[in-house]
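There are 4 protein chains.
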Amino acid sequence: KRARAFGISIGVLPTGKNNAITDVAGLRVGHTTLIRGNDVRTGVTAILPHAGNLFQQKVPAAVFVGNGFGKLAGSTQVQELGNLESPVILTNTLGVGTAMNAVVGYTLQQPGNEQVQSVNALVGETNDGHLNDIRGRHVSEADVLEAIKQAKDGAVAEGNVGAGTGTVCFGFKGGIGTASRKTPDATGGYTVGVLVQTNFGGVLQVNGVPVGQELGQYYLSQHLQEKADGSCMLVVATDAPVDARNLERIAKRAMMGLAKTGGIASNGSGDYVIAFSTHEALRVPYTSKEKTQTMTLLRNDEMSPLFMAVIEATEEAIINSLFKAETMQGKEQHVVEALPLDKVLKLLKKHNALKH
Amino acid sequence: KRARAFGISIGVLPTGKNNAITDVAGLRVGHTTLIRGNDVRTGVTAILPHAGNLFQQKVPAAVFVGNGFGKLAGSTQVQELGNLESPVILTNTLGVGTAMNAVVGYTLQQPGNEQVQSVNALVGETNDGHLNDIRGRHVSEADVLEAIKQAKDGAVAEGNVGAGTGTVCFGFKGGIGTASRKTPDATGGYTVGVLVQTNFGGVLQVNGVPVGQELGQYYLSQHLQEKADGSCMLVVATDAPVDARNLERIAKRAMMGLAKTGGIASNGSGDYVIAFSTHEALRVPYTSKEKTQTMTLLRNDEMSPLFMAVIEATEEAIINSLFKAETMQGKEQHVVEALPLDKVLKLLKKHNALKH
Amino acid sequence: KRARAFGISIGVLPTGKNNAITDVAGLRVGHTTLIRGNDVRTGVTAILPHAGNLFQQKVPAAVFVGNGFGKLAGSTQVQELGNLESPVILTNTLGVGTAMNAVVGYTLQQPGNEQVQSVNALVGETNDGHLNDIRGRHVSEADVLEAIKQAKDGAVAEGNVGAGTGTVCFGFKGGIGTASRKTPDATGGYTVGVLVQTNFGGVLQVNGVPVGQELGQYYLSQHLQEKADGSCMLVVATDAPVDARNLERIAKRAMMGLAKTGGIASNGSGDYVIAFSTHEALRVPYTSKEKTQTMTLLRNDEMSPLFMAVIEATEEAIINSLFKAETMQGKEQHVVEALPLDKVLKLLKKHNALKH
Amino acid sequence: KRARAFGISIGVLPTGKNNAITDVAGLRVGHTTLIRGNDVRTGVTAILPHAGNLFQQKVPAAVFVGNGFGKLAGSTQVQELGNLESPVILTNTLGVGTAMNAVVGYTLQQPGNEQVQSVNALVGETNDGHLNDIRGRHVSEADVLEAIKQAKDGAVAEGNVGAGTGTVCFGFKGGIGTASRKTPDATGGYTVGVLVQTNFGGVLQVNGVPVGQELGQYYLSQHLQEKADGSCMLVVATDAPVDARNLERIAKRAMMGLAKTGGIASNGSGDYVIAFSTHEALRVPYTSKEKTQTMTLLRNDEMSPLFMAVIEATEEAIINSLFKAETMQGKEQHVVEALPLDKVLKLLKKHNALKH
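Chains as they are written, first to last, in my numbering: chain A, 2 to 357; chain E, 2 to 357; chain C, 2 to 357; chain G, 2 to 357.
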C-alpha cells in the first residue's frame with residue numbers, strides 16, 4: 002500500500018485523483034523492468050508529456066540541478082530554448098547513451114519527423130550498481146522503446162519497477178514513487194504531479210517523524226556506515242500555464258520536498274529536477290508560419306501555490322517509493338531490505354503522525 | 002529560551018559551544034536595533050568573518066540564490082572572484098543603498114586601505130514593512146557602522162534584534178536566529194554556523210511537527226490569509242578548508258534546511274544564502290608578490306558531512322529566531338504575535354518531539 | 002564626429018534614425034556630468050525604458066554577467082522575475098549605494114506608488130578612479146535625480162558625459178557611446194539600441210583594423226604597461242516582443258560586440274549587459290485583477306537577426322564612445338589622451354576600412 | 002596551408018611550437034574520418050588531456066554554454082565537481098549516445114578501473130546533416146574508440162577530418178581547426194591551445210577583414226539566404242595552474258574569439274566551450290587516502306593574459322578550420338565550396354592584413 006493508505010497525510014493540499022503524476026491530464030508513464038538471474042536488477046521509466054508527436058509539439062520545460070554529480074543528458078538545450086521535445090527517460094547511470102540512441106531512433110521514426118536531423122533526448126539516471134550488474138550494461142534500446150510503448154495514463158506502478166528496480170534510498174530499498182497535488186480553485190485549480198527515482202541518502206523522515214534516527218540507520222550514524230551517496234531524479238509536470246522561467250522556479254522547489262524526507266543532496270548524489278507544462282495552448286510547434294506565438298501565462302504573483310504543491314508532491318512521491326518498494330536481492334548476493342513498514346507505522350503512531 | 006533549551010533537538014549532529022554562528026572561531030556579529038516611537042521597527046546586523054582587515058585579507062565565499070525577489074547587493078563579484086572583501090550586512094529592503102555606502106566608507110577608512118578605490122559591499126535585506134515604517138528609511142550609515150563596531154564573538158542576541166527587529170515569519174514574529182553544528186572528528190571536526198533573518202512563510206514545522214497546520218495558521222489556509230511572501234537571508238560560515246565552488250554547494254543546502262521548517266520560497270520571498278570559509282590558510286590577500294597561492298582544500302568526497310551540518314543548523318537557526326522573538330506592535334498599530342510557545346510545546350509533546 | 006561620419010561602417014545592418022539607443026521608441030537618456038576643480042571627473046547616466054511609471058509598468062528584462070568584477074546592484078531580482086522596475090542608472094564604482102538610494106526615493110515619490118515598500122534599483126558602474134577622486138564620493142542623490150529628470154529622446158550626448166566623464170578605454174579616453182540597428186523588415190523590422198560606458202582594455206580594433214597594435218598601445222605590449230582592467234557597462238534596448246529568456250540570450254551577444262573592438266573582459270573588468278524590451282504589450286503591471294497575462298512573443302527561431310543587431314550596435318557604440326571622448330586631465334594631474342583620430346583614420350584608410 | 006603560412010598573423014601573442022592544441026604538453030588528438038559512398042561525411046575527434054588513466058587522474062575543467070541549442074553530454078557533472086574524467090569526444094548530433102557508450106566502455110575496460118560503476122562522458126557535437134546522411138547514424142562505437150586510439154601529439158590534422166568532416170562554416174566548408182598561444186614569460190609563460198569543430202554562420206571576418214561582406218556571402222544578405230545556424234564546439238586546454246572557477250572564466254572568453262571571426266551564436270547554433278588544465282599537480286585522484294588536496298593556483302589577478310590567449314587562439318583555430326577545409330560533395334549531391342583562398346588573400350592584401 003501507498004503511504005496515504007496508511008493514514009500518512011503529507012502537507013495541506015489535496016491530491017489529484019490517482020495521487021500520481023498522471024493526474025496531469027494527457028501525461029503517460031511506462032516502465033520496463035529488468036530482473037534476470039542473480040544480478041540484473043535495472044530498468045527504464047519513460048514519461049511522455051502528451052500523446053501527440055512531442056518533437057512537433059514541444060512543451061515548455063526547465064531543468065534545475067540540485068547536485069550535478071550525474072549524467073543527465075539534454076539539459077542545456079532545454080535551458081536555452083525553454084522546451085522539451087522528447088519523452089523523459091530514466092534509467093541507470095551507464096545506460097544513458099543507449100537511452101539517447103533509443104529516443105533519437107524513436108523520434109526519427111515517428112510519422113511527420115521524416116526530415117528531422119536533430120533530436121534533444123532528455124535522459125536521467127541514478128546508479129543501481131549495488132544491486133545491479135551495472136557494468137554489464139543490460140539496458141538495450143529495445144528496453145527503452147518498450148517503456149515508451151507501454152506508457153499509459155491512470156495509476157502508476159511504483160517501487161521496484163522501471164528505472165527504480167535496483168535503487169537504494171536511505172539504506173532501504175528505493176524505487177519509483179509518484180504523487181500529485183491540486184492547488185485551490187481560487188488560485189487556479191491546477192494539478193502538479195511528481196515522479197521520482199529514489200537512490201539517495203541522509204536521515205530519513207516520514208511525515209516529519211525521524212524514522213532514520215529511531216531505526217538507527219542514517220548517514221553518519223555509528224552503527225551503520227550508510228553512504229548517503231546515490232542520486233534522485235525528480236520529474237515534475239503541471240497543467241498550469243507557466244513558461245520556462247517559472248518552470249525553473251518550480252523545479253527548484255522540488256529539492257525542498259526532497260529535503261523534507263531527510264535527503265541531504267550528498268556529494269555523490271546526482272539530483273536533478275525536470276519540470277514541464279502540459280498546458281495545451283503553450284505547445285511550441287517545431288515549424289510555424291508565424292514569427293510569433295501568443296501565450297497566456299500565469300503572472301509571477303500566482304506561483305506560490307504551485308511551489309507549495311510541488312514541495313508536498315515531491316515529499317510524498319519519495320515516501321511512496323519507499324513504501325511500495327520490496328526487499329530485493331541482487332548482484333553479489335547483496336540484499337537491500339524494504340523499509341520495515343510495521344516499525345515505521347509504529348513510530349508514526351508514537352509521534353501522532355497518522356491520520357487514522 | 003532557545004529551542005534546544007526546551008528539549009527540541011534538531012538533527013543528529015552536535016552543536017558548537019554556543020550553538021551560534023560565532024562558534025566559527027574569529028567570527029563576530031553585531032546588531033543595531035531601531036525601535037522608536039510607534040512605527041520604527043528595524044535595524045542592522047553585521048557579520049564579520051574575521052577580526053582583521055577584510056579587504057586586505059578576503060575570505061573564500063559564494064552566494065546561492067534560493068529565490069531572487071530581493072535586493073542583495075554584491076553577489077556577482079563574490080561569484081566571479083570567489084571571495085568576500087567586506088562585512089556581511091543585513092538590513093531592511095530600502096536600506097541597502099545606505100548600508101552599501103556605510104560599508105564603502107568603513108572600508109576606505111580602515112588603516113591600510115588608503116589606496117583602495119573599489120569595494121564590493123555584500124548587503125542583504127528582508128522587508129519589514131508590516132511593522133516598520135520602511136518608506137521612512139530610518140536606517141542611517143551610522144547605524145550600520147554601529148552594528149559593525151558592536152560586533153563580538155560569543156553568544157548572539159536573537160529574535161527582535163538588528164535586522165530582525167521588525168520581521169514576520171510564518172505569520173508569527175520572526176527575527177534573527179542562529180545555530181551551529183560540528184562534523185564528526187573522523188570527518189574533520191569542522192564547525193558550520195548559520196545566522197538567519199527570518200521574514201518568510203509557508204506551513205510551519207517545528208522539529209517535524211506540523212505546528213502551522215495544528216494552529217490553523219499557514220499559507221493557503223482558509224481561516225487566515227497569511228501571505229507566504231517575505232524573505233529569508235541565510236549566512237553560513239565554516240572553518241572547513243573549502244573553496245568557492247564547494248561553498249556554493251554548501252550554500253545551496255541551506256535552502257534545504259529552510260524547507261524543513263515549512264518554508265516554500267514563495268514568489269515574493271528574497272531567499273539568499275551567503276557562505277564563506279574562515280579557514281586562515283585560505284585568506285586571499287588583496288595584493289601579493291606571488292602570482293600563485295597554495296591552498297589545501299577538502300576533496301569533493303568530504304563535502305557530505307558539511308552539507309548535513311548546514312541543513313541542520315539552518316533549520317535550528319530559523320526555529321530559534323521564532324522562539325526568541327517576542328510579540329511586537331509597530332506601524333499602524335499592526336501587532337505580530339510571538340509564536341505561542343506554550344501551545345507549540347504542547348504540540349511537540351503530543352508528537353513526541355521533545356527530548357525531555 | 003561620430004565614427005560613421007568618418008565613413009566607418011560597422012556591420013551589415015542599417016542603423017536607426019539617430020544611430021542611438023533612443024531609436025527604440027519611448028526610451029530616454031539623461032546625463033549628469035560632474036567636472037569640478039582638478040579632480041572631480043565623474044557623473045551619472047540614466048536610461049528610462051519608457052515615459053510612464055516604470056514600477057507600475059515593468060518591462061521584460063535580463064542581465065548577463067560578462068565578467069562579474071563589478072558592483073551592479075539589482076541583477077538577481079531582474080533574473081528571477083524577468084523584469085525591470087526602475088530606471089537603469091550608471092555611475093562610478095563607489096556611487097552605487099547613493100544611486101540606489103536616489104532610485105528608491107524617486108520611485109517612492111512617483112504618483113501612484115504611495116503604497117510601494119520594495120524597489121529594485123538596477124545600478125551599474127565602472128571605476129573612474131584614474132581621473133576622478135573616486136574616494137571623495139562626489140556623486141549625490143540629487144545628481145542621480147537630475148540625470149533622470151534630464152532624460153530625453155533624440156540624439157544622445159556621447160564621450161566625456163554622464164557616467165562616462167572620467168573613464169578610460171584601451172588606454173585612451175573612453176566614455177558614453179551609443180548606436181542602433183534595425184533588423185530587415187522581412188524579419189520584423191525591429192530596432193536594437195545599445196548604450197555603453199567604456200572603461201576597459203585589450204587590443205583596440207576599429208572596424209577590424211588593429212589600431213591598438215599599430216599605435217603600439219595595447220594590453221601586454223612592451224612599451225606601455227597598460228592595464229586592461231576597468232569595466233564596461235552595456236545597456237541593450239529593443240522594441241522586439243521578446244521575453245526575459247530571449248533577452249538574456251540577446252544580452253549574451255553584446256559581449257561578442259565588445260570582443261570585436263578588441264576587449265578581453267580582463268580579470269578586473271566588471272562587464273555586465275542589461276537588456277530589456279520596450280514592447281508595449283509586454284509591460285508587466287505591478288498589480289492586476291487578472292491571474293494571467295497574454296503575450297505575443299517572437300519564437301526562438303526569430304532571434305538570430307536580433308543577435309546580429311546587438312553585436313553590431315555594441316561594437317559601434319564602443320567605437321563612438323572613443324571617437325566622441327576628448328582628452329581629459331583629472332586627479333593628480335593624470336591626463337588621458339583622446340583616441341588620436343587623425344592617426345586612426347590614416348590607419349583605417351591604409352587598411353581600406355573607410356566607406357568614403 | 003594554414004592561415005599563418007599565408008602571412009595572416011592574428012593577435013599579438015606568440016604561438017606554441019605547432020600552433021595547435023597539442024602544444025599543451027601531454028595532450029593528444031585523434032580523428033576518425035568517415036567518408037563513404039555519396040552520403041556518409043562525418044567522423045569523430047577525440048581529445049585526451051593526458052596520457053594516463055583519465056578516470057583515475059581527473060583534470061580540473063569547466064564548461065561554458067555560449068548557446069545551448071546542442072546535445073553536449075556530461076556538462077553538469079563537470080560544472081558540479083570541477084573536473085573531467087574522460088576523453089573529450091566530438092562527433093555529429095545524432096552520434097552523441099553512441100559516443101557516450103564508447104567512452105563508458107573505454108573507461109570500464111582500462112586497467113585499474115575494474116571497480117568503476119559511474120563514468121561521465123563529455124561528448125560534444127555539431128550537425129553535419131547538410132553533407133552527411135546524419136539520419137543514417139553511421140558513427141559506431143568502434144569509430145569512437147579508433148579516434149581515441151589514434152590520438153597523438155604533434156601537429157593536428159585540420160579541415161575535413163574527424164568530427165569536422167561534414168561541417169559548414171559561414172556558408173563555406175568548415176571542419177576541425179586548431180591554434181595556440183603562449184603568454185609572456187613574465188606572466189608565467191603558459192600555453193593555451195584551442196581546437197574547434199566549426200559549423201556555424203554569421204558574417205565572416207578574417208583577421209579583421211570583412212570577407213563575408215565582400216564576397217557577398219553572409220547571414221541576412223539578399224543574394225544568399227545562408228542560414229547562420231549550425232554549431233561550434235570549442236575545446237580549450239592550458240598548462241596553467243587554474244582551477245575550475247577560473248577555467249570557466251577562460252571558457253567564456255573563447256566565445257569572444259568566435260565573435261571576432263564574425264560568428265553570431267545564432268539561435269540554432271550549439272556553441273559550447275570545454276576548458277581544462279593539464280597542470281600535473283592539479284590532477285584529482287579518483288581515490289585518495291587524504292581528505293584534502295594541496296594545490297598551487299594562479300591568483301585571479303593573473304588571469305588576463307590567459308584570457309587574451311584564448312581569444313586569439315580561438316579566432317585563429319576557426320580561421321584555420323576554414324583554410325584547411327576543402328570543397329566537399331555529399332548527401333543529395335550537396336556541394337559545399339571551400340573558402341576561396343585566392344579571393345580571400347586578395348581581400349586581405351587589399352586591406353593590408355597580411356604580414357608578408
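There may be inaccurate statements among the hints.
Identical copies carry no separate label here, and so any pair may be met within one copy or between two of them.
Below, a list of computed lysine-lysine pairs in the BS3-like style, where the Cα atoms sit at most 30 Å apart [unchecked claim]:
#1 K350 with K290
#2 K290 with K2
#3 K18 with K292
#4 K292 with K351
#5 K150 with K332
#6 K344 with K150
#7 K292 with K183
#8 K2 with K351
#9 K290 with K183
Hint data in this document are derived by calculation from the structure and do not stem from the laboratory. Bear in mind that the values here come from a model prediction, so they are computed numbers and not experimental data.
Evaluation of the provided hints:
1. Within a single copy, K350 and K290 get their C-alpha atoms no closer than 61 Å, and across copies no closer than 44 Å, so neither meets the 30 Å cut-off.
2. In the homo-oligomer, the alpha carbons of K290 and K2 never lie at most 30 Å apart, since the shortest distance is 51 Å inside one protomer and 44 Å across protomers.
3. Proximity of K18 and K292 under a CA criterion of 30 Å is satisfied inter-copy only: 25 Å between copies versus 39 Å inside one chain copy.
4. In the homo-oligomer, the alpha carbons of K292 and K351 never lie at most 30 Å apart, since the shortest distance is 61 Å inside one protomer and 40 Å across protomers.
5. When the C-alpha separation of K150 and K332 is checked against a cutoff of 30 Å, the pair qualifies only within one copy, where the shortest distance is 28 Å, while the shortest distance between copies is 32 Å.
6. When the C-alpha separation of K344 and K150 is checked against a cutoff of 30 Å, the pair qualifies neither within a copy, at 39 Å, nor between copies, at 54 Å.
7. For a Cα distance limit of 30 Å, the shortest separation of K292 from K183 across copies, 17 Å, qualifies, whereas the shortest one inside one copy, 35 Å, does not.
8. Taking the shortest Cα distances, K2 and K351 sit within 30 Å of each other both inside one copy (20 Å) and across copies (27 Å).
9. Taking the closest pair of Cα atoms, K290 and K183 come within 30 Å of each other only across two copies (22 Å); inside a single copy the shortest separation is 36 Å, beyond that limit.
Checked against the numbered hints above, the structure breaks hints 1, 2, 4 and 6 and satisfies the rest.
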